[in-house]
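Turn these sequences into a full structure, and let the hints guide you.
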Amino acid sequence: MRGQALIAGRGRLPAAVAAEMDRPLICSLRGNDPDGLEPEITFRLEHLGTLLQTLSARGVTEVCFCGAVRRPEVDLAAIDAATLPLVPILQRALQPGDDAALRAIIAVFEEAGLTVRAAHDIAPGLLPPTGTLSQAPADDAVRADIAAAREALAEMARIDEGQACVIRDGLVLAREDARGTDAMLTDLAAPGSRPVPPADDPFNWLMDSVGDVLDDAADWLSGEEAERARLKGARGLLYKAPKPGQDRRADLPTIGPGTVHGAARAGLRGIALEAGGVIVLERAEVIRLCDRAGLFLTVREMP
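Residue 120 in this note's numbering sits at position 116 of the sequence shown, with consecutive numbering throughout.
Think of the hints as simulated: they come from the structure by calculation, not from any bench. As the structure is a computational prediction, the values presented were derived from the model and not from experiment. Note that beta-carbon positions come from the ideal geometry of N, C-alpha and C, so glycine has one too. Please note that the accuracy of each hint is not assured.
Distance ranges between label pairs, derived from CB positions [said to hold, decoys possible]:
| id | residue 1 | residue 2 | range |
| --- | --- | --- | --- |
| 1 | THR134 | SER60 | 37 to 43 Å |
| 2 | PRO89 | GLY63 | 18 to 24 Å |
| 3 | PRO141 | ALA86 | 52 to 58 Å |
| 4 | ALA151 | GLY129 | 28 to 34 Å |
Written out as structure tokens, the structure reads:
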């Protein structure tokens, strides 16, 4: 009997969280296996009711959602008897809008008697400390740009999409959409630069922006290519934070080395995160790459 289950999506975050849990039951939506973990249960959304029954039979009382999951296509003919009562809720969950979908899924698990725990509650070390973590200091314009970025995210929250934007001198250069942060930064990158690995289109249980660091990281962080990158995103600031009012037990914004890669390619001057609201994977590597690229990385409290 095990008390905890990890509903894991793609990427590295699930393995980082699982390492802080006591032998969790690893479950994965079909086609969304996590990196570095072997799911014990692979399920279809059409069989969600059966999954809930299985969790109960195995003594699970707590679940944690983390990892990127593609919004699945549902085959109505494949819905099993245990899932039929959940169809109205699943229909709401599959509508556009990440936060609304997450709230609907969380409600299904809670109504089944399960406690939903946040990844950063289980693994608090994934949240970076407040302050500037890089060698490069945050410049004087950061405070004003963060204020403008928060206003932009509040507007984005009204359509329930995006947890990041790029700001320069108070102007919005780019807004994150369903494609994720990496795609937004790629759009800002200079023509001719090597592409950033694309992010999965997230159902967004958590991670939207973690990519692998290229072996030749030093090349894209210095020299003429870096200079060519300073075009549309030149001197912009990447800001990431949860949506205002979102349920933080799932879909907390996440960055990793791939985010630094994208920011450097786009010619940004730095990255700012909301304190307590953004997970940083491989923090030491993220800081090292920021220092190599001359980017600042700052974590700020909400005013």
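Structure-based check of all given hints:
1. Range check, THR134 to SER60: Cβ separation about 40 Å, and the 37 to 43 Å hint holds.
2. A C-beta distance of roughly 23 Å is found between PRO89 and GLY63, which places it inside the suggested range of 18 to 24 Å.
3. At about 56 Å, the CB distance of PRO141 to ALA86 agrees with the hint of 52 to 58 Å.
4. For ALA151 and GLY129, the hinted distance range of 28 to 34 Å is satisfied, since their beta carbons lie about 29 Å from each other.
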